[in-house]
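K.L.:
Each chain, letter by letter, is given below.
There are 2 protein chains.
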Amino acid sequence: MAKPAAESGEERLIARYFRPLALHPAALGLIDDAAVLTPPDGCDLVLTVDAIVGGVHFFADDPPGAIARKALRVNLSDLAAKGAKPSGFLLALALPDGVAASWLKAFAKGLGADAEAYGCPLLGGDTVKTPGPIMVSITALGSLPQGSMVKRTGAKPGDRVVVTGSIGDAALGLKLRRAGKAAGRWKLDAKMRDYLADRYLLPQPRNAMAEPLRKYASAAMDVSDGLAGDLDKLCRASGVSAEIDVAHIPLSQAARTALMAEPALIETIVTGGDDYEIVCAIPASNVAAFRMASAVAGVAVTEIGRISEREGGVRFVGADGRLLSLKNRSYSHF
Amino acid sequence: MAKPAAESGEERLIARYFRPLALHPAALGLIDDAAVLTPPDGCDLVLTVDAIVGGVHFFADDPPGAIARKALRVNLSDLAAKGAKPSGFLLALALPDGVAASWLKAFAKGLGADAEAYGCPLLGGDTVKTPGPIMVSITALGSLPQGSMVKRTGAKPGDRVVVTGSIGDAALGLKLRRAGKAAGRWKLDAKMRDYLADRYLLPQPRNAMAEPLRKYASAAMDVSDGLAGDLDKLCRASGVSAEIDVAHIPLSQAARTALMAEPALIETIVTGGDDYEIVCAIPASNVAAFRMASAVAGVAVTEIGRISEREGGVRFVGADGRLLSLKNRSYSHF
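Line by line, the protein sequences give chains A and B. The first sequence begins at -18 in our numbering and counts up one residue at a time. The second sequence begins at -18 in our numbering and counts up one residue at a time.
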């Protein structure tokens, strides 16, 4: 008589590394074809997908936990910018031959830690083999009261342009990662170097801002491909333009130090990607309340310019009153 | 004065190939960070993700439209097996350098045709570059009345095991694709060869079965990794076993012809993947009604065995009463 059929390698992999993360009842313990979610009454669901690829969005030797967390956080950042509360996520993971058990263990541990920290449980997934590099594709779901999603399209002339946190750190961190010697030229101390490297490695999505954005913003998006290019997108979607005071763009101490040493870095700061901050348009009459709500949420926000109707795209105006000329305004894969 | 900023290559790619598919209002024309979906009242959402990779799940020289359709259909098949009506999907597409515009055009055309045919619109996506092969990861959403999802866990002793369509065609089609000479040995005519090749290239998900399954099945899943292994999974999830009459497994004329010529192919038929049929457990008292509803839905269904409680996994019993011995019961990536 036949023995009970053994689980396949794929089932064992899922059971060992990912089932412990599937604590939400909608995940059905990852033993079914699909997850099943009962949407909250009166809510819209916000859906976003972002994929990261080894050698493109992260380095193959990045810590596996950081890769997992980055993959989740870039999606959480989209939910934050739209004003949505995370509901959960689905994971498609492509693995080359020979990925070590220790890699998978650390990947799952990082993923689980963030799923818990951000209240965004694993709902389902697919694990496949690839002859290429590791690829992590995550689809995240969020919810918000019906009709309240903060879109890219609502910016109006006169609105103030506001950003969270600081801009350019991740792009500088990536430059350092590629050519560590720059740290000397930029006069960075070890702490500043580590800070910039970490800002590239591990985005800090602004999920605490979801409610303030829903209440006070007329438009918002997350800054993933560079402030200049992303603000261009927001302006195009809203049919407006914007004027930005370069001197007001919030910089970390590390970025400020590097910029002092090498003024041409302003282009990297303004057009480099991976900030995962939020840029939004706030009607002038809402700015004070938005500032207050952001302070309560524990997130620094800075007014950097204003939306205008005249044509001409987004203009970055330097302290000397001259327009900044930018070669590549945005990170683009194609 | 600055010119209006040009769209990036990535934006142009999305606008040219994928925006025409984003007809559903939830997609917001693909110009926002996220899609926003108002779930129907009283419904659960069913969520599934499946990724396909060039050189693993399809051949690099498969027609791009067929690759797109396969990527969507393997997800539609999961929704069908769960009894859900498609709501829409999100696409993560990783492209190597040098993918031609004609490839993308044909890919988008195939995707759009199936999105329309199955009522499953594109809601959002992400397009990234990869140094590896093309990878298409799709997350599909479906809806059904609250609490009505057909799970893997509900099979009960005495239930009949039923499958849709025919089993093994795609696995034979893949064998032919890898070694076309087998067609002669298997005594297949050109029509049979084409039929099997097409069953591998383009799954036929059984979405017409969603309602009959919801009404009459105690458990169901789609057959993607081979009948033996997938039925093993269903039985493990339900805490039961099953006995299958090998002679009752429905075969196409092409598969029957090949099997007559080479009886050892029974292993390929029973354990090969990519059927995208549905295997389900139907309480004996529901079988007649389920047959009727399936006929109305235009899908052939065949009773192939029954669920039992005694231990021993799934047993495949040949016409001679002897148990089939299977080396690898399931396709597994790991």
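Simulated from the structure, these hints should not be mistaken for lab results. All of these numbers come straight from a predicted model, not from anything done at the bench. Where a beta carbon is used, it is the ideal one built from N, C-alpha and C, also for glycine. Misleading hints may appear alongside valid ones.
Pairwise CB distance ranges (calculated) [to be verified]: (1) B:V80 to A:D301: 40 to 48 Å; (2) B:D78 to A:R158: 18 to 26 Å; (3) A:R303 to B:P1: 38 to 46 Å; (4) A:P21 to B:F315: 31 to 39 Å; (5) B:K308 to A:A189: 37 to 45 Å; (6) B:P1 to A:G220: 17 to 25 Å; (7) A:G161 to B:R(-7): 54 to 62 Å.
K.L.:
Are the hints correct? Go through all of them and say.
P.N.:
Tested hints:
no., hint, result
1, B:V80 to A:D301: 40 to 48 Å, "holds, 44 Å"
2, B:D78 to A:R158: 18 to 26 Å, "holds, 22 Å"
3, A:R303 to B:P1: 38 to 46 Å, "holds, 41 Å"
4, A:P21 to B:F315: 31 to 39 Å, "holds, 36 Å"
5, B:K308 to A:A189: 37 to 45 Å, "violated, 54 Å"
6, B:P1 to A:G220: 17 to 25 Å, "holds, 21 Å"
7, A:G161 to B:R(-7): 54 to 62 Å, "violated, 35 Å"
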